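S.K.: Protein chains in written order, with the numbering used here: chain A, 1 to 407; chain B, 408 to 814.
Honestly, the hints are just simulated from the structure, not real lab data.
Heads up, some of the hints might be wrong.
[Claimed, not checked] With a straight-line cut-off of 30 Å between C-alpha atoms, the simulated DSSO-like cross-links for lysine-lysine are:
no.	chain 1	residue 1	chain 2	residue 2
1	A	K400	B	K807
2	A	K334	B	K470
3	B	K499	A	K334
4	B	K666	B	K470
5	A	K70	A	K15
6	A	K92	B	K741
7	A	K105	A	K27
8	A	K334	B	K741
9	A	K63	B	K741
10	B	K666	B	K578
None of the values given here were measured: they were computed from a predicted structure.
Number of protein chains: 2
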Amino acid sequence: MAVGSGEIKTLFPVKGLSIGVTCAGIKYPNRQDLVVMELPADSLVAGVFTQNAFCAAPVQICKQHLNSGKSIRYLLINTGNANAGTGQQGYKDAMASCQKIADSKGVAVESVLPFSTGVIGEHLPMDRLLAGIPQAFDNLTDNGWLNAANGIMTTDTRPKAVSQQFEFQGKTITVTGISKGAGMIKPNMATMLGFVATDAKVNAEVLQSILDQAVNQSFNRITIDGDTSTNDSCILMATGQVETDSCDGVESDLYIPLKQTIDDVMLKLAQAIVRDGEGATKFVTVQVDKAGNTDEALQVAYAIAHSPLVKTALTASDANWGRILAAVGYSGVKDLDVNQVELYLGDVCIARNGGRSEEYQEAQGAAVMAGEEILIRVVLNRGEVSDRVYTTDLSYDYIKINAEYRT
Amino acid sequence: MAVGSGEIKTLFPVKGLSIGVTCAGIKYPNRQDLVVMELPADSLVAGVFTQNAFCAAPVQICKQHLNSGKSIRYLLINTGNANAGTGQQGYKDAMASCQKIADSKGVAVESVLPFSTGVIGEHLPMDRLLAGIPQAFDNLTDNGWLNAANGIMTTDTRPKAVSQQFEFQGKTITVTGISKGAGMIKPNMATMLGFVATDAKVNAEVLQSILDQAVNQSFNRITIDGDTSTNDSCILMATGQVETDSCDGVESDLYIPLKQTIDDVMLKLAQAIVRDGEGATKFVTVQVDKAGNTDEALQVAYAIAHSPLVKTALTASDANWGRILAAVGYSGVKDLDVNQVELYLGDVCIARNGGRSEEYQEAQGAAVMAGEEILIRVVLNRGEVSDRVYTTDLSYDYIKINAEYRT
Numbered sequence: 001m002a003v004g005s006g007e008i009k010t011l012f013p014v015k016g017l018s019i020g021v022t023c024a025g026i027k028y029p030n031r032q033d034l035v036v037m038e039l040p041a042d043s044l045v046a047g048v049f050t051q052n053a054f055c056a057a058p059v060q061i062c063k064q065h066l067n068s069g070k071s072i073r074y075l076l077i078n079t080g081n082a083n084a085g086t087g088q089q090g091y092k093d094a095m096a097s098c099q100k101i102a103d104s105k106g107v108a109v110e111s112v113l114p115f116s117t118g119v120i121g122e123h124l125p126m127d128r129l130l131a132g133i134p135q136a137f138d139n140l141t142d143n144g145w146l147n148a149a150n151g152i153m154t155t156d157t158r159p160k161a162v163s164q165q166f167e168f169q170g171k172t173i174t175v176t177g178i179s180k181g182a183g184m185i186k187p188n189m190a191t192m193l194g195f196v197a198t199d200a201k202v203n204a205e206v207l208q209s210i211l212d213q214a215v216n217q218s219f220n221r222i223t224i225d226g227d228t229s230t231n232d233s234c235i236l237m238a239t240g241q242v243e244t245d246s247c248d249g250v251e252s253d254l255y256i257p258l259k260q261t262i263d264d265v266m267l268k269l270a271q272a273i274v275r276d277g278e279g280a281t282k283f284v285t286v287q288v289d290k291a292g293n294t295d296e297a298l299q300v301a302y303a304i305a306h307s308p309l310v311k312t313a314l315t316a317s318d319a320n321w322g323r324i325l326a327a328v329g330y331s332g333v334k335d336l337d338v339n340q341v342e343l344y345l346g347d348v349c350i351a352r353n354g355g356r357s358e359e360y361q362e363a364q365g366a367a368v369m370a371g372e373e374i375l376i377r378v379v380l381n382r383g384e385v386s387d388r389v390y391t392t393d394l395s396y397d398y399i400k401i402n403a404e405y406r407t
Numbered sequence: 408m409a410v411g412s413g414e415i416k417t418l419f420p421v422k423g424l425s426i427g428v429t430c431a432g433i434k435y436p437n438r439q440d441l442v443v444m445e446l447p448a449d450s451l452v453a454g455v456f457t458q459n460a461f462c463a464a465p466v467q468i469c470k471q472h473l474n475s476g477k478s479i480r481y482l483l484i485n486t487g488n489a490n491a492g493t494g495q496q497g498y499k500d501a502m503a504s505c506q507k508i509a510d511s512k513g514v515a516v517e518s519v520l521p522f523s524t525g526v527i528g529e530h531l532p533m534d535r536l537l538a539g540i541p542q543a544f545d546n547l548t549d550n551g552w553l554n555a556a557n558g559i560m561t562t563d564t565r566p567k568a569v570s571q572q573f574e575f576q577g578k579t580i581t582v583t584g585i586s587k588g589a590g591m592i593k594p595n596m597a598t599m600l601g602f603v604a605t606d607a608k609v610n611a612e613v614l615q616s617i618l619d620q621a622v623n624q625s626f627n628r629i630t631i632d633g634d635t636s637t638n639d640s641c642i643l644m645a646t647g648q649v650e651t652d653s654c655d656g657v658e659s660d661l662y663i664p665l666k667q668t669i670d671d672v673m674l675k676l677a678q679a680i681v682r683d684g685e686g687a688t689k690f691v692t693v694q695v696d697k698a699g700n701t702d703e704a705l706q707v708a709y710a711i712a713h714s715p716l717v718k719t720a721l722t723a724s725d726a727n728w729g730r731i732l733a734a735v736g737y738s739g740v741k742d743l744d745v746n747q748v749e750l751y752l753g754d755v756c757i758a759r760n761g762g763r764s765e766e767y768q769e770a771q772g773a774a775v776m777a778g779e780e781i782l783i784r785v786v787l788n789r790g791e792v793s794d795r796v797y798t799t800d801l802s803y804d805y806i807k808i809n810a811e812y813r814t
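This is chain A alone, in the form it adopts within the complex (with noise of 0.2 Å):
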């Protein structure tokens, strides 16, 4: 199940940006499970990562090579398997596999980054995936983001992309994303796993800040069940292939077009992850408005975005409002005054003063959970801060998938 099409519309190519993807039968045969990206010389690679301390080997080794001050030229990645929770063997194997592409393209290992994703605890199958790396590369074309966002899904039930372009100096300036995952997400800086290149002129500072901006509206405002992946990298590059005058602070012209575009592609992507949420039927939007700070804010939401009541009342499309005002109760915001609270769905006051609204019917509650895309909005009056999270309900299929599979 998902919610909406999932629809993917034209992917630009990244000027200088090409991507190779393979078989290699890491868990399953025939199945694209191996991608390579090359980037041109000179590129720049900004990243964030999971904050889980069992963070998986290939999210310590990117951390490193990314703080080498070595240009980035590669990403390997592999679904399949995390190579998380393996020890020292897992780091010894993703750096062998980082060493591969360096020995074969004559570049520092600190050049590669690795990713990974699947399931947790096995030892990569080194053998097949050297032995696809070549593979991979025989296959590398300016057109490879669709093959890519398949070649990085685990559990997910279709391919997330975005791709977005817009006009700067009389030039076209492409921003494409690919991003996967459908459980274990609750990201903690990123999501389990989103690439986004763009082909803009910029500097490594401001696309490390827009980057860190990006992700904090989107795919730092998702949950689907709560919990914070070993794997979550997120990392968007830039080739400066498009010339044009760079983009070297927040006075640049470049700099406000070019931050929206990574924003909505960025937004896209974590969104397209929550409507492909493991066993998801509905999309759900929970707004906290007039809140006193961002943090009150996101407690309260993310309380009502994780609460299993909440989600099971969602699955059945019940406008079950007293599970919701439960958990704003219980979020843990400081001497919350209740008879101050409100409660919307969609545009439907639900509740105020304490209790149920006085000219709320059920109907018109019944009429909102029936669609697929929700809104909950929950009004607190304290102050001027609004803040948003996006999650699903929790299903049946939710649990079918979690307890066969091995994440």
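Mind docking chain B on chain A? Use the hints.
M.R.: Okay, now just chain B, sitting in the frame of chain A:
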């Protein structure tokens, strides 16, 4: 579904306390749904209540009446309707129920404590509730505990009651209690409803202290779905009808046996709630050893106990230890060195040194997971503190129950 037989052994009456139960038709006809408890003069009553900001009207009134200084003589408990999220009308309704008893018995309204559990956000059917009160009083008996355990159930599949006795100064002292709750269970001071009584002589300060300590190791250590109810209440009553030296402090000879018996009764009542958790097929103890302090022990224990991925693996009897390690990793323990963490399922060491234990065989984990009662034990090696929480798996039936039932 539920774990274990749920067998209830002999329920010894508590001297001086009588209980009456009736079918008032609060939500369903012909169901025991209204309970009154009558205490002799000079009884002492201590309570702990939900920390949910949207606490229900009866919880607000209980707190006021317990603080009024008036002796508590009557408890009134209904199931079928939580009287939560009901605003001013809800408060008036709960007060009117208390007043009805106060008037007929000639006591102050503050001598009556009201309790409600069931659907949130609907007003109490006051006509049926008020009509039921004299019927319940007509049924007063010393042997009402089992009927009362039945009369406070909501989605519980079976009543929960525990009774123990000990000898002190040649007299027999009894501690008997009942509890209810199967969903919306992550108590934050007390379970949804727990009522425990003793006929021991004990002063008010000691009674409250024993209750606080017992709740903290029992009802505050269980979680089914992480949803903290609006109505959690746990009450400890002492009728003082067994003539021995009074328990006036920790130095009293009565203190240790009384405290141990109450601790034990409360722990069994709390565990009974978990064993009857909505859709439960497993009873899981999550124990964290060698933590630096209680907070981090509980952070880790609750991260595991709340993880939908761990809970669905339990449903599938799948020793998916990677999900457990991932939960440890995101639990938020500061500066966690994952290489120091050890993970055990029962007696089997599954992981150490940041990865799978070398001697571990899948068949060993599978054997542990096949059982109904499972111990997940994490050794942090950061200090000397141990703590534990009790929880269940997350099954299809949890979804079924909560997609179909209005909390």
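S.K.: With the threshold set at 30 Å, check whether the alpha-carbon distance from K63 of chain A to K741 of chain B stays at or below it.
M.R.: holds, 19 Å
S.K.: Run the distance test for K105 of chain A versus K27 of chain A: straight-line Cα separation, threshold 30 Å.
M.R.: holds, 27 Å
S.K.: When you check the alpha-carbon spacing of K92 of chain A and K741 of chain B, does it fall within 30 Å?
M.R.: holds, 26 Å
S.K.: Can you confirm whether the C-alpha distance between K334 of chain A and K741 of chain B stays at or below 30 Å?
M.R.: holds, 23 Å
S.K.: Hey, K70 of chain A versus K15 of chain A, does the alpha-carbon distance stay inside 30 Å?
M.R.: holds, 21 Å
S.K.: What's the verdict on K666 of chain B and K470 of chain B, does the C-alpha distance respect the 30 Å limit or exceed it?
M.R.: Roughly 24 Å between the alpha carbons, so the hint for K666 of chain B and K470 of chain B holds.
S.K.: When you check the alpha-carbon spacing of K666 of chain B and K578 of chain B, does it fall within 30 Å?
M.R.: holds, 17 Å
S.K.: Measure nothing beyond the straight line between the CA atoms of K499 of chain B and K334 of chain A; if it is 30 Å or shorter, mark the hint as holding.
M.R.: Holds - the C-alpha atoms of K334 of chain A and K499 of chain B are around 26 Å apart, at most 30 Å.
S.K.: Would the hint linking K334 of chain A and K470 of chain B be met if the CA-CA limit is 30 Å?
M.R.: holds, 19 Å
S.K.: Could you grab the alpha-carbon distance between K400 of chain A and K807 of chain B and see if it respects the 30 Å cut-off?
M.R.: holds, 13 Å
The structure shown violates none of the earlier numbered hints.
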